[in-house]
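In terms of this note's numbering, the sequence shown opens at residue 1 and continues consecutively.
Please keep in mind that the hints were generated in silico from the structure rather than gathered at the bench. All values derive from a computational prediction rather than experimental measurement. Take the hints with a grain of salt, since some may be wrong.
What the hints assert, rightly or not - No more than 35 angstroms apart at the CA atoms, straight line, and that leaves these computed lysine-lysine pairs for DSBU-like:
hint : residue 1 : residue 2
1    : Lys162    : Lys122
2    : Lys177    : Lys134
3    : Lys133    : Lys310
4    : Lys133    : Lys313
5    : Lys134    : Lys313
6    : Lys177    : Lys153
7    : Lys177    : Lys310
8    : Lys153    : Lys133
9    : Lys122    : Lys133
10   : Lys310    : Lys134
11   : Lys177    : Lys133
12   : Lys134    : Lys153
13   : Lys162    : Lys133
14   : Lys310    : Lys153
15   : Lys134    : Lys122
16   : Lys162    : Lys177
To be verified - Restraint-style ranges between C-beta atoms, simulated for each label pair:
hint : residue 1 : residue 2 : range
17   : Val119    : Leu28     : 23 to 31 angstroms
18   : Thr234    : Asp26     : 48 to 56 angstroms
19   : Leu217    : Tyr132    : 26 to 34 angstroms
20   : Lys310    : Glu270    : 22 to 30 angstroms
21   : Leu18     : Ser302    : 50 to 58 angstroms
22   : Arg286    : Gly17     : 50 to 58 angstroms
23   : Arg319    : Pro128    : 22 to 30 angstroms
Glycine included, C-beta positions come from ideal geometry on N, C-alpha and C.
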Amino acid sequence: MRAARLLSIQMLLETRGLMSARALADTLRTSIRTLHRDIDHLSAAGVPVLAERGRLGGFRLLEGWRTQLTGLTPSEAQAVFLSGLAGPAEQLGMRSSLQSAQLKVLTSLPAPLREHASVVAKRLHLDPVDWYKKPDPAPQLAMIAEAVWSGRKLAFRYRSWKGLASRVVDPLGIVLKAGTWYFVGLAEGDPRTYRVAGVLEGEILAERVRRPRGFDLARYWQGSVTRFEREIYTGTARVLATAEGLDRLRELSAAAAQAVDDARPEKTGERTSVAVPIESSEIAARQLLALAPEVEVLEPQSLRRAIREKLRKVARLYR
Numbered sequence: 001m002r003a004a005r006l007l008s009i010q011m012l013l014e015t016r017g018l019m020s021a022r023a024l025a026d027t028l029r030t031s032i033r034t035l036h037r038d039i040d041h042l043s044a045a046g047v048p049v050l051a052e053r054g055r056l057g058g059f060r061l062l063e064g065w066r067t068q069l070t071g072l073t074p075s076e077a078q079a080v081f082l083s084g085l086a087g088p089a090e091q092l093g094m095r096s097s098l099q100s101a102q103l104k105v106l107t108s109l110p111a112p113l114r115e116h117a118s119v120v121a122k123r124l125h126l127d128p129v130d131w132y133k134k135p136d137p138a139p140q141l142a143m144i145a146e147a148v149w150s151g152r153k154l155a156f157r158y159r160s161w162k163g164l165a166s167r168v169v170d171p172l173g174i175v176l177k178a179g180t181w182y183f184v185g186l187a188e189g190d191p192r193t194y195r196v197a198g199v200l201e202g203e204i205l206a207e208r209v210r211r212p213r214g215f216d217l218a219r220y221w222q223g224s225v226t227r228f229e230r231e232i233y234t235g236t237a238r239v240l241a242t243a244e245g246l247d248r249l250r251e252l253s254a255a256a257a258q259a260v261d262d263a264r265p266e267k268t269g270e271r272t273s274v275a276v277p278i279e280s281s282e283i284a285a286r287q288l289l290a291l292a293p294e295v296e297v298l299e300p301q302s303l304r305r306a307i308r309e310k311l312r313k314v315a316r317l318y319r
């Protein structure tokens, strides 16, 4: 375990340069105390790890020093080919580059490892788009990706729910979620999320991106998703659901599925009482009405009224 951590520290410092103790410890999922002990072991073994003091300090390798760790284990070779999943790579305009890189890796591996390396690509297919949906059209994705890879500013016209707007941002990263592409850009000092399908046209500028120190795309995205889910649900609906209704509630959203799983076995007849997070009464009425009669809304009364009004309109339509 320690030997693997020591090798990881060397390669992280070689590839990323200066890293704080906290960043290293978080990446390795270890404590600060354990990290400092590992650094001491590396120094004692002759690895030139330098410590820089101060608020912006951390650890780095002596300039020009390189490891000679080029071998791959079978599982590491498989992991290389996990990045070659065809769909996202093709949308990013990188499929041919990935195929070429995979071929080079295969050529460089010993014969016994070649089959291990390619088995993941042969036996795993990623389809990130949900059922009955089509992927978002993203004609500007390759251009946005190039701005991200090259670290240059991006000027673009964007259509959002507020209307058309022009933006100049420092692109920081790209995210694929449930078949929809997003990119994160620094605007007015703050990271913001943009839907790639909303970009009508754009231009990569010559000016270099000013990337915030310590910015971590995965951490930012998870925080953004958590904030969005916390803010979007403004209330709670108390419902009674049959066994079939509980299954259909689980399909409504991740928050509803969690509510069903957390529900106490408190039954009224053949129905179970569940407190479901909801957005506005209008949106919740549209969603929960589709689950009737297996799901009945008890409260709030504003939601019951909204459902009754929709039922009256449907009755008039089909009368």
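Verification of the supplied hints:
1. Lys162 with Lys122: 44 angstroms, violated
2. Lys177 with Lys134: Measuring from Cα to Cα gives roughly 13 angstroms; hence the hint holds.
3. Lys133 with Lys310: 26 angstroms, holds
4. Lys133 with Lys313: 29 angstroms, holds
5. Lys134 with Lys313: At roughly 31 angstroms apart (the allowed maximum being 35 angstroms), Lys313 and Lys134 satisfy the hint.
6. Lys177 with Lys153: 23 angstroms, holds
7. Lys177 with Lys310: 33 angstroms, holds
8. Lys153 with Lys133: The hint holds at about 32 angstroms.
9. Lys122 with Lys133: The given pair, whose Cα atoms are some 25 angstroms apart, holds under the 35 angstroms limit.
10. Lys310 with Lys134: It holds: about 29 angstroms lies between the C-alpha atoms, which stays within 35 angstroms.
11. Lys177 with Lys133: 13 angstroms, holds
12. Lys134 with Lys153: 30 angstroms, holds
13. Lys162 with Lys133: The hint holds at about 25 angstroms.
14. Lys310 with Lys153: 48 angstroms, violated
15. Lys134 with Lys122: Roughly 24 angstroms separates the two Cα atoms, so the pair holds.
16. Lys162 with Lys177: Given that 35 angstroms is the threshold and the Cα spacing comes to 22 angstroms, the pair holds.
17. Val119 with Leu28: 23 to 31 angstroms: Since the Cβ atoms of Val119 and Leu28 sit about 28 angstroms apart, the hinted range of 23 to 31 angstroms holds.
18. Thr234 with Asp26: 48 to 56 angstroms: 33 angstroms, violated
19. Leu217 with Tyr132: 26 to 34 angstroms: 30 angstroms, holds
20. Lys310 with Glu270: 22 to 30 angstroms: 25 angstroms, holds
21. Leu18 with Ser302: 50 to 58 angstroms: 55 angstroms, holds
22. Arg286 with Gly17: 50 to 58 angstroms: Given a distance of about 52 angstroms, which is inside 50 to 58 angstroms, the answer is holds.
23. Arg319 with Pro128: 22 to 30 angstroms: Violated, since Arg319 and Pro128 (Cβ atoms, about 44 angstroms apart) do not stay within the stated range.
Hint compliance for this structure: hints 1, 14, 18 and 23 are not met, and every other hint is.
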